[in-house]
Structures are given as C-alpha cells and as structure tokens.
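Asks: Please take these sequences and the hints and turn them into a complete structure.
Residue numbers (the UniProt record's numbering), protein chains in the order written: chain A, 1 to 406; chain B, 1 to 406; chain C, 1 to 406.
Heads up, some of the hints might be wrong.
Treat identical chains as interchangeable: a pair holds within one or across any two.
Result set (SDA-like, lysine to any residue): computed pairs, CA atoms no more than 20 angstroms apart in a straight line [as the list claims (entries may be wrong)]: (1) K325 to E369; (2) K124 to G11; (3) K213 to A116; (4) K365 to T98; (5) K397 to F219; (6) K34 to R378; (7) K179 to E333; (8) K325 to V20; (9) K94 to T202; (10) K325 to S21; (11) K215 to M118; (12) K325 to L373; (13) K94 to S44; (14) K73 to R378; (15) K215 to L237.
Calculated from the structure, these hints are not laboratory results.
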Amino acid sequence: MKDTVSTWAYGTSLPAELYVSEEVFRDDLDWLLKSQWFLTGHISQIPNAGDFFLYAIGNESVIVTRNKEGEVKAFHNACRHRGSRVCLENEGYKRLFTCPYHSWSYDLDGQLRAAASMPEGFDKSANGLLPINVGVFEGLIFVNFAAEMDAPDFTTFTQRFAPLMHGQGLAQTKVAARKTYPTNANWKLVVDNFFECYHCSTAHPSYCQVHDKMKLLAFGAVDRSDDPEMADHRKWLAEWEAEAEAKGYPTGMFHDDATSAYFQAANRLPIAKGALTESMDGQPIAPLMGDLAEFDGGQTGCVFSPLSTVLVNNDHAVIFLFIPKDTQETTVEAIWLVAPDAEEGTDYDPQTLMHLWDTTLKEDKTITENNQLGVASRGYRPGVLSDREVWIAEFGKWYLEQRGLI
Amino acid sequence: MKDTVSTWAYGTSLPAELYVSEEVFRDDLDWLLKSQWFLTGHISQIPNAGDFFLYAIGNESVIVTRNKEGEVKAFHNACRHRGSRVCLENEGYKRLFTCPYHSWSYDLDGQLRAAASMPEGFDKSANGLLPINVGVFEGLIFVNFAAEMDAPDFTTFTQRFAPLMHGQGLAQTKVAARKTYPTNANWKLVVDNFFECYHCSTAHPSYCQVHDKMKLLAFGAVDRSDDPEMADHRKWLAEWEAEAEAKGYPTGMFHDDATSAYFQAANRLPIAKGALTESMDGQPIAPLMGDLAEFDGGQTGCVFSPLSTVLVNNDHAVIFLFIPKDTQETTVEAIWLVAPDAEEGTDYDPQTLMHLWDTTLKEDKTITENNQLGVASRGYRPGVLSDREVWIAEFGKWYLEQRGLI
Amino acid sequence: MKDTVSTWAYGTSLPAELYVSEEVFRDDLDWLLKSQWFLTGHISQIPNAGDFFLYAIGNESVIVTRNKEGEVKAFHNACRHRGSRVCLENEGYKRLFTCPYHSWSYDLDGQLRAAASMPEGFDKSANGLLPINVGVFEGLIFVNFAAEMDAPDFTTFTQRFAPLMHGQGLAQTKVAARKTYPTNANWKLVVDNFFECYHCSTAHPSYCQVHDKMKLLAFGAVDRSDDPEMADHRKWLAEWEAEAEAKGYPTGMFHDDATSAYFQAANRLPIAKGALTESMDGQPIAPLMGDLAEFDGGQTGCVFSPLSTVLVNNDHAVIFLFIPKDTQETTVEAIWLVAPDAEEGTDYDPQTLMHLWDTTLKEDKTITENNQLGVASRGYRPGVLSDREVWIAEFGKWYLEQRGLI
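Replies: Dropping the structure here:
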C-alpha cells in the first residue's frame with residue numbers, strides 16, 4: 001500500500017486502490033471507528049428513559065438509549081451470551097433490552113439483569129452490553145468505538161463549534177423528516193464530493209439557484225479574498241455580518257488543515273442576498289428556532305468530522321450522516337430538524353422542508369456512483385485538483401497521514 | 001487461526017472468525033464432506049431402478065439413484081468429459097443419465113455407456129461418473145465424499161441407533177411433505193441452535209406448548225437427575241418407559257461427548273403427558289407407522305451427526321437436513337414422512353402435519369440469522385454458556401478437535 | 001498455479017482452478033486486454049463525427065467515436081480530473097464529451113478543451129482522455145488496451161482474413177439487430193463451447209437442421225479428409241468451390257495452432273446443399289450484400305481471436321462478442337448486419353433475421369452455465385476430448401502457453 005501511495009502527490013486525487021481495495025476498507029473502518037466521533041442522531045429521538053434508536057455502521061449495530069438518570073448511553077447490539085442481536089426494532093421504547101434468543105435482559109445502563117440457568121460463579125456484572133463512548137453536543141449524539149480510556153476527548157472535539165451554535169436552539173429541535181440515500185461508492189468519494197462546490201454548477205442547478213454564487217465559488221477554494229473581483233462580495237458579507245452581530249447572532253469561521261485530528265470546519269454565512277433560509281425561494285419553511293427573534297438568513301455549517309455534518313438555518317437544520325457500509329457502499333442519511341413546537345401540516349410541510357437537499361443528495365448519489373465506476377477502471381489516474389478543491393487536497397493528505405500511509 | 005482459538009475456553013461460544021471467515025468455511029466443508037455421513041433423503045423417493053433425486057451441498061451436486069439390482073447409488077453430477085452437470089432435473093426417472101452437452105450417457109451404476117467420436121484408446125470403463133459413498137439405514141440415505149477406501153465405516157456410524165428405531169417402520173414410510181428454510185448463518189450457528197432448548201421458552205411458544213416442560217429443561221443440560229425437584233419428572237419418565245417396554249417399544253438414550261468421531265446422540269422419550277404424538281394438541285395427525293399397535297406418545301430422536309437428525313413419532317417422522325452452502329448461508333430442509341399407505345386428504349393433512357415444525361423452523365431461521373449478525377460485529381465476545389447448553393460446549397470442543405484447531 | 005497445471009495433459013479440458021479462481025481471472029483479463037484486439041462493433045454505428053458508442057469489458061468502459069477527420073477513436077471513459085465516468089449514455093452523438101461531474105470537456109480526439117479554475121501551470125494537453133488502440137477492418141472496430149507502443153500490429157492481425165472477405169461488402173453493412181446473452185460462466189468455457197460442434201446434435205436442433213451434417217462433423221475435428229466415408233462430402237465441397245470461384249467469390253480456409261499469437265481461423269464454406277443463406281429454410285432473409293450478383297450459399301467465418309468472431313453470409317452477417325465480466329460471468333453479444341440500403345419491414349424482418357442464432361445462443365447460454373456449475377464442483381476432473389474437439393485442445397494449449405503457465 002505504501003508503494004502505491006508513494007506515487008501520490010499533494011493536490012491530486014488518491015490512487016485507485018484506496019477506493020476499491022477491500023483490505024483498505026477494513027483498515028479504514030477500524031481506524032475511523034476508533035479515532036472518530038460519529039454523529040448518530042438527535043436527543044429529541046430519545047426524550048425519555050428507555051427510548052432508543054439503532055445506529056448501524058459497517059457490520060456494527062449500536063443501541064442508543066437514555067437511562068433513568070437521563071444520560072444518553074450507547075451499547076453494542078450483541079448479546080454477551082452467544083452474540084445475537086439483542087434489539088431488532090430500529091427505534092422505540094424498552095424498559096429492559098431482552099435478547100430474543102434466550103431472554104438475557106439488560107437494563108438501560110447495559111447491566112445484565114437476568115440470565116437464567118447460568119453456571120455457578122457466573123458474574124452478571126462482567127456481562128453487561130459492551131458500552132460505546134457517547135458524547136452529546138447541542139442535542140447531537142455522537143459515538144466512538146475506542147476502548148473507553150482511548151476515546152478521543154469530546155470537549156476538544158466540540159468546543160470550537162459552540163460559539164457558532166449560540167442561540168439557535170439546535171438542542172431543542174425535533175426530527176421532522178429523515179431519508180437515506182444508499183450510495184455505491186467508497187466513503188472517501190462521498191466525502192470528497194461534499195468537500196467541494198466545484199461540481200455544483202454542473203450537477204446541482206437547484207442548489208445553485210438558492211445560494212449566493214460568489215459564496216459557492218469560495219467554498220473550499222483557494223483564498224481569493226484579496227481579489228478585486230471579490231470586492232462586492234466581501235462588502236456584502238461584511239454588511240451581513242455586522243447586521244447579524246447587531247442582532248446578537250453568531251458569525252465567523254474556522255477550517256482545519258491536514259494536521260488536525262478530526263479535520264473540522266465551521267462557519268456562519270448568509271444563504272444568499274434576500275434569502276431568509278435555505279429554501280427554494282429563500283422564504284421561511286418552518287418557524288424560527290431557538291432564541292432567534294427574526295430571520296437573518298444565516299446558516300451555520302459544522303463539519304464535525306468528514307463523516308458528520310450539520311447545517312443550521314434560522315428555521316430548520318439538516319444533519320448529514322455518511323456511514324461506511326462496505327468498500328464501495330456508503331449510506332448517506334439526512335435528518336431534518338425543526339423547532340420543538342412546530343406542527344406538521346400547520347407550521348411546516350415535510351416535502352417542502354426536504355425539497356432542496358433531497359434533490360441535491362439524489363444528484364450527489366448519481367455523480368458519486370459514476371465517480372466510483374470510473375475510479376475502479378484502468379482509465380483512472382489520480383488527477384490534478386482545481387483551485388476550488390483545496391479541501392479535497394487537504395482531506396486526502398489528512399487521511400493518508402492519519403492512516404500512516406505517508 | 002490457532003492463535004484466535006488459543007483464547008477460547010471450554011464452556012463458551014466460539015471466536016467470531018470461526019463463524020465469518022471464508023477460509024474457515026472452505027476448510028470446514030472439506031473436512032465435513034470427507035469425514036461425515038450426510039443424510040440426503042429417504043428410499044421412498046426412489047422406489048424403482050432409475051428413480052433419482054439430486055442432493056446439493058456447497059458447490060456439489062449429487063445424483064442419488066437406484067440401480068437395476070436395487071442398490072442405492074450416488075454419483076457426482078459432473079460429466080467426465082468436460083464437467084457439465086449431467087442431470088438438471090431435481091428428481092425423476094432415467095434409464096440412462098445422458099449429459100445435455102454432448103450426450104455422454106451413464107447407466108445406473110455410473111458406468112459410461114456412450115461417448116461418440118472418442119480417440120482410439122479411450123477407456124470407457126475409466127470414465128464413469130465419480131461415485132460417492134452411500135449408506136442406507138432404516139430407509140435413510142446417507143452420503144460421504146471421501147475416497148472410497150477412506151469412507152468412515154457405515155455400520156459403526158449407525159449401529160447404536162438400531163435398537164431405538166426398532167418396530168417403528170421408518171424404512172417403510174413415504175414422503176408426505178418437504179420444505180426448505182434458507183438461513184443466512186454459518187452452519188455451526190444452525191447446529192448450536194438445534195443443540196439446546198434454552199431458547200425454547202423465549203422463541204418457540206408452540207413447541208413449548210406441545211412438549212413436556214421438565215423434559216425441555218433437561219434437553220442438552222447439565223445432569224440434574226439427582227435433583228429432588230426432578231423427582232416427579234423422573235417418576236413419570238420411569239412409568240412411561242415401563243409402559244412402552246411392556247408394549248415392546250424401545251426406550252433408552254445415549255449421547256456422545258467431544259471425543260466422538262460423529263458427535264451422535266439418540267433417545268426415546270415421551271412427548272408430554274397425555275400427548276400421543278408431536279402435534280399441536282397431542283392427538284394423532286397420521287396413521288400409526290411400522291409395527292406399532294397403539295400409540296405410546298414416544299419420540300425417537302436420532303442425531304446421526306450435527307447436520308443430520310431424524311425425529312420419529314408414532315404416526316410420522318421428520319428428517320432435518322442442515323446443508324452448508326456458504327460461510328454465512330445454510331439451507332435447512334425438513335422432510336415429513338408417514339406410513340406408506342396413508343392417503344393425503346384422508347389419513348393426513350400436510351399442513352397439519354407440518355404445522356409445529358414449520359412454525360419452529362421459521363422461528364429458528366430468524367433467531368439464527370440475528371445470531372449471525374451479532375457474531376459478525378465488533379460487539380461479539382465468546383460468551384459463557386448456560387447449564388442448559390452443555391451440548392454446545394461439547395460440540396464446540398468436538399469441532400475444534402476434529403478440525404485440529406486445539 | 002503452475003503446480004495445478006503441471007498435471008494437465010494435452011487433449012484434456014483444463015484444471016478447475018482456471019475456470020473458478022478470481023486471481024486467475026484477474027490475470028487473464030490483464031493479459032487479454034493487452035495482447036488481444038477486441039471486436040467492439042461496426043463503423044455503421046458511428047457514421048458521422050461525434051457519433052459514439054460505449055464498449056464495456058471487465059470494469060472498463062470505452063468510448064468509441066469518430067473524430068472530425070473521420071478517424072475512429074477510442075478512449076477510456078474516465079475523467080482525467082477525479083475519474084468519473086465522462087459519458088453515461090450507451091450511444092449517441094456529442095460534439096464534446098463533457099463530464100457530468102465538473103464539466104471537464106474533451107473533444108473527439110480526447111483532448112481536454114475546458115477545465116475551469118485549474119491551478120497555474122496545469123497542462124491541458126497532458127490531461128486528455130487516455131487513448132485506447134483502435135483498428136478497423138472491413139468495418140469492424142477493434143480495440144486493444146496495451147500502451148500505444150506495445151499494441152500488437154493490426155495489419156498482421158487482420159491480413160489473412162482479407163481474401164475471404166473480398167466482395168462481400170461487410171464494411172458497408174448496417175446494424176439490423178443486436179442482443180446480449182449474459183452468461184454465468186468463465187470466458188474460457190464460452191470459447192470452448194464455440195470452438196466445437198460436437199455438442200450441436202445434442203444441444204442445437206435448429207442449427208443442425210440448417211447446416212450440412214458432414215460439415216458439422218468436420219468442424220474443429222481431427223482431419224478425416226482421406227476417409228472414404230467423406231468422399232461424397234469432399235466431392236460436393238469441391239463442386240461448390242468451383243462454382244463459387246467461377247462467380248468470383250472467395251473460397252479457402254486457414255486455422256492457427258497453439259503457436260499463434262492470436263489463435264485465428266477462417267474459412268468460406270457452403271451452408272448446406274440447396275441453402276442460400278444461414279436461415280431456417282435456407283432461403284434469403286435480407287437483400288444480397290456487397291458486390292454479390294447472386295447467392296452462392298457460402299458463409300465466411302472469421303475467428304479473429306477466441307473472443308471475436310464474425311460470420312458473413314450472402315445476405316447478412318453476425319458479429320459475436322464474448323466479453324469477460326467476472327470470473328464466472330461473460331457477456332455474449334450478437335450483432336446482426338445487413339446491406340446498407342435494406343429496409344426493415346420491407347427487405348428484412350429482424351425476428352426472422354435473428355431467429356437461428358438467437359435460438360442457438362440461448363441454448364449455448366444454458367449449456368455453458370451448466371458446464372460452469374459442474375466444473376466448480378469436486379466431481380470435476382479434466383476430461384478426455386473427443387476427435388471433434390481438436391480446437392479446444394489447441395485453444396487450451398495456446399492459452400496456457402500465452403499465459404506462461406506451461
């Protein structure tokens with residue numbers, strides 16, 4: 001593998017083997033599960049003790065639940081007896097997680113409560129569901145599969161996002177809609193696609209209609225902020241920022257480079273001139289969220305890690321989960337969130353809410369799958385990245401360094 | 001592999017790799033095919049010379065037929081010319097097995113009878129269908145894939161079952177129904193599931209309604225025959241045995257431990273108090289079989305090998321075939337047998353006949369597939385077996401020893 | 001692999017591993033793509049500049065098109081940017097091939113014409129679509145995947161076929177029909193099947209009804225031309241040849257042995273006594289092609305390579321493409337060609353045109369798939385080839401030698 005990678009140059013796409021080799025995928029997944037925090041869902045999915053949902057990645061199934069103390073907990077969905085899936089429903093409520101095979105029962109802290117006919121000396125306390133590290137930030141539930149003492153620090157992972165999330169009430173939202181987009185492509189191609197907007201004008205007409213053109217040109221691109229052509233855009237941004245700040249709304253941005261442990265980024269930017277939210281016509285599609293008294297048309301984008309992103313608008317938010325399943329198979333899941341008291345049918349229409357990103361994610365599925373097909377053929381050569389694909393260059397370098405391949 | 005297994009302890013389930021590795025499966029299959037006798041069907045399926053059925057396991061297809069001398073024969077279903085499947089129908093009658101590719105024709109002894117345009121010196125007698133070892137016991141047709149001289153001795157394989165089969169007429173039965181249950185699980189998980197009734201109360205309500213509860217508690221369990229709580233049960237069993245023996249019906253049991261070449265077991269036990277046969281209400285569902293003059297409610301269970309089991313009731317029998325197909329794919333097939341002169345519609349109803357085990361095998365398919373899913377995930381750890389899973393502990397040890405892994 | 005092959009003897013089918021091993025398939029494909037010319041289609045599919053069709057083999061997708069100078073060109077269908085499939089339609093017309101991902105645009109010579117926002121120093125001329133070697137013979141478009149300088153000489157590849165194609169107008173034909181037959185078998189079994197007519201009497205009743213019986217007996221068979229039984233047949237052939245030559249029509253034949261680089265063969269022979277073309281009743285099913293003034297009932301068969309064959313009758317031709325997809329997966333494609341001015345419905349009926357070979361290829365799919373199933377089982381042994389399978393013996397030897405396995 002190192003031989004393959006030795007020919008790689010910064011600023012080009014990765015060697016084909018990294019997108020098609022089953023061995024590389026297995027090692028990727030092992031590294032990802034242990035080193036990264038994976039966004040799984042929102043606390044509104046489990047408001048009460050015993051509420052749960054399942055999260056699946058690779059061959060893993062995770063029970064995410066809330067215990068009697070109100071803490072969010074996550075466990076491997078595998079019985080400590082002979083390994084059966086313990087919980088078969090995708091979501092619901094349980095007082096105990098009782099295995100459908102032999103009725104071993106685990107409480108909401110994963111402790112084994114009942115296991116009949118066990119031999120003398122059997123220690124229930126040593127046979128609880130194996131825990132998975134959990135962190136909650138602004139209502140977002142993250143998991144990490146490292147051994148507990150090796151878990152990356154969750155505060156370090158989230159702290160830079162806090163100022164940009166201030167006042168927007170993400171923690172108080174509720175799920176309004178969700179949809180999955182099974183994609184026949186390696187997870188790194190899904191990430192590459194999300195990290196540049198160079199393809200937007202070709203592939204995403206609706207998205208381009210909604211967002212400010214100059215902003216999209218600057219997304220993930222070489223810094224052109226000194227470019228005289230950008231003067232008007234800079235002026236507009238500065239004015240918008242001043243207005244937002246006057247309202248007490250957050251502004252700002254940061255973006256990691258390849259030396260980061262997580263490859264994080266965030267910013268708060270306006271959708272487009274005159275747009276109040278990320279909808280087809282820029283008009284609100286749900287009630288204001290959080291502490292916001294009025295629309296400012298801003299959107300907080302948080303890339304917690306290459307596989308976990310959230311976009312927060314004034315009236316709704318969208319969670320994006322990129323879930324590696326197999327070498328050439330990634331599940332993309334989107335979850336739309338609205339204010340907690342918004343009523344479906346009255347305050348928002350799920351189809352309208354979903355329209356833009358549903359359209360865009362379907363387009364992304366197609367282009368990413370065609371990317372995979374080409375990468376798997378002999379005609380593929382790692383290609384030179386454009387000035388609008390800086391984040392892909394950095395992501396590639398970050399990936400190779402984290403994996404110890406360069 | 002030995003490294004993986006070195007952490008295994010008796011009394012726990014096996015390491016995950018043994019259930020998910022393709023290499024382990026290939027080696028398992030090679031070992032099984034050569035060392036074990038596989039139950040394939042019943043002689044009533046091929047009453048006359050030229051009658052045949054196909055048996056499939058892994059990538060193998062076997063022609064099971066009867067020659068003019070009335071002997072049961074089995075052959076690899078692969079032409080000695082260029083390898084085509086010779087017989088494409090699953091069952092039927094042939095005077096000659098003629099390959100659909102080039103019409104090479106084989107007689108019922110597998111001898112090549114016709115092969116046109118062959119070069120001088122071609123020896124027909126050296127180009128018969130490759131034989132597979134066959135044994136018939138009580139009408140049950142077994143095959144083994146070892147070279148003829150390496151075939152395990154069939155008499156040794158069957159002799160201990162004879163006394164328990166006495167008088168029940170299994171050899172004279174006929175097939176009344178059959179059904180397959182394709183199961184996405186490794187063959188060893190299918191066997192594990194069949195070797196314990198610890199899961200019955202959770203997963204098999206119908207089965208538990210039919211069978212005596214104390215008997216199920218004792219199935220594959222630590223010996224508790226001295227336990228005072230079992231006194232009533234022992235008394236009932238003793239009375240039932242005395243009655244059965246008075247009628248001239250067989251009783252008794254044996255069970256191999258991990259040192260056995262075949263891991264065999266058999267017993268004859270009553271279904272439940274007041275039950276005449278293994279039906280939902282304990283009432284007969286077909287005419288008495290064999291020499292039986294009256295019902296005694298007994299059931300002879302014969303585990304010829306972990307993959308080949310037969311249950312013989314007074315009025316019907318059920319054959320269970322567990323057929324490894326791929327690493328995580330096993331076909332379970334059930335064949336229901338009744339007395340030879342029983343008439344469908346008049347003497348038995350196939351749906352009623354099948355009801356209990358069809359229900360139970362569908363449940364088994366579900367729990368075994370959920371077991372496989374969990375075993376394939378990182379949350380699986382070999383778990384401590386209960387006092388009611390002694391046969392799983394023994395089976396695991398037997399498997400590891402036979403495979404040379406411990 | 002060499003160990004496996006060391007047991008192989010000339011005149012027998014190949015060891016199973018060569019038909020079932022994924023590693024062997026990968027190496028086969030690598031060798032085939034570089035050393036062989038693959039027939040992909042006919043120039044009538046791309047009459048004008050910008051017309052194109054896609055050709056797929058293994059994981060490869062090839063754009064076959066015509067440039068402004070009228071030259072046929074072929075390119076890897078993978079963008080030089082990040083590898084996406086550039087062209088998604090199977091056939092059509094393009095002025096530029098514009099990638100659906102980021103709109104990189106390539107002209108009909110594969111030159112990169114547009115790529116926005118590329119960094120300084122980016123060299124468009126070094127980022128054209130990767131070319132694939134192309135050769136055109138009698139309207140047939142062949143491709144080869146070697147580096148340009150390593151491409152096998154196309155003139156050498158085709159020159160011996162020219163005399164047998166003379167006057168038949170294949171270059172001027174047009175596509176009348178096409179159909180694919182996805183076949184679950186290794187490509188070598190598909191070739192084996194096509195290289196002998198020993199199976200015809202068993203498997204192809206329609207084909208045998210059409211063709212002269214003695215001719216089929218001689219196809220790919222041991223030379224029996226001195227056999228007194230063949231005297232009548234020889235006399236008929238000699239008379240037919242004299243008539244054909246009197247008309248100025250070509251006759252003759254050649255066949256390579258295992259020392260050939262391509263394993264080529266060709267001949268021109270009569271269909272059958274009284275038959276004018278290869279139709280069910282021997283009667284014409286389309287207008288005469290090329291310079292032919294009248295029917296002579298001849299058929300030119302050209303095996304350009306084991307995977308690329310053409311049959312040219314007086315009134316229509318059939319192209320056969322055998323396309324390796326995966327270890328046990330080969331796509332067989334047939335393309336029927338007729339005179340350029342023949343009108344569908346008036347001059348020919350596609351169903352009638354296709355009938356014989358559609359019937360025959362469906363039969364071939366079945367027998368080849370059953371061959372693969374048998375070869376993959378333990379009952380397979382390389383078998384002795386008949387006197388009518390000389391070309392299979394030679395093909396096997398040729399394959400093993402070309403692959404460096406003997």
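Asks: All hints are to be evaluated individually against the structure, with a verdict given for each.
Replies: Okay, the hints, checked on the actual structure:
1. K325 to E369: Answer is both; intra-copy 14 angstroms and inter-copy 19 angstroms each pass.
2. K124 to G11: Answer is between: at 16 angstroms across copies they meet the 20 angstroms cutoff, but 54 angstroms inside does not.
3. K213 to A116: Answer is between; shortest inter-copy Cα gap is 15 angstroms, intra-copy 65 angstroms.
4. K365 to T98: Answer is between: at 19 angstroms across copies they meet the 20 angstroms cutoff, but 38 angstroms inside does not.
5. K397 to F219: within (19 angstroms within a copy, 59 angstroms between copies)
6. K34 to R378: between (33 angstroms within a copy, 11 angstroms between copies)
7. K179 to E333: within (6 angstroms within a copy, 39 angstroms between copies)
8. K325 to V20: both (13 angstroms within a copy, 17 angstroms between copies)
9. K94 to T202: Classified as between; 17 angstroms across copies, 48 angstroms inside a copy.
10. K325 to S21: Intra 14 angstroms, inter 18 angstroms, cutoff 20 angstroms: intra and inter.
11. K215 to M118: For K215 and M118, only the inter-copy Cα distance (18 angstroms) is at most 20 angstroms; the intra-copy one is 64 angstroms.
12. K325 to L373: both (17 angstroms within a copy, 14 angstroms between copies)
13. K94 to S44: within (16 angstroms within a copy, 51 angstroms between copies)
14. K73 to R378: between (46 angstroms within a copy, 17 angstroms between copies)
15. K215 to L237: Within one copy only: 9 angstroms inside, 79 angstroms across.
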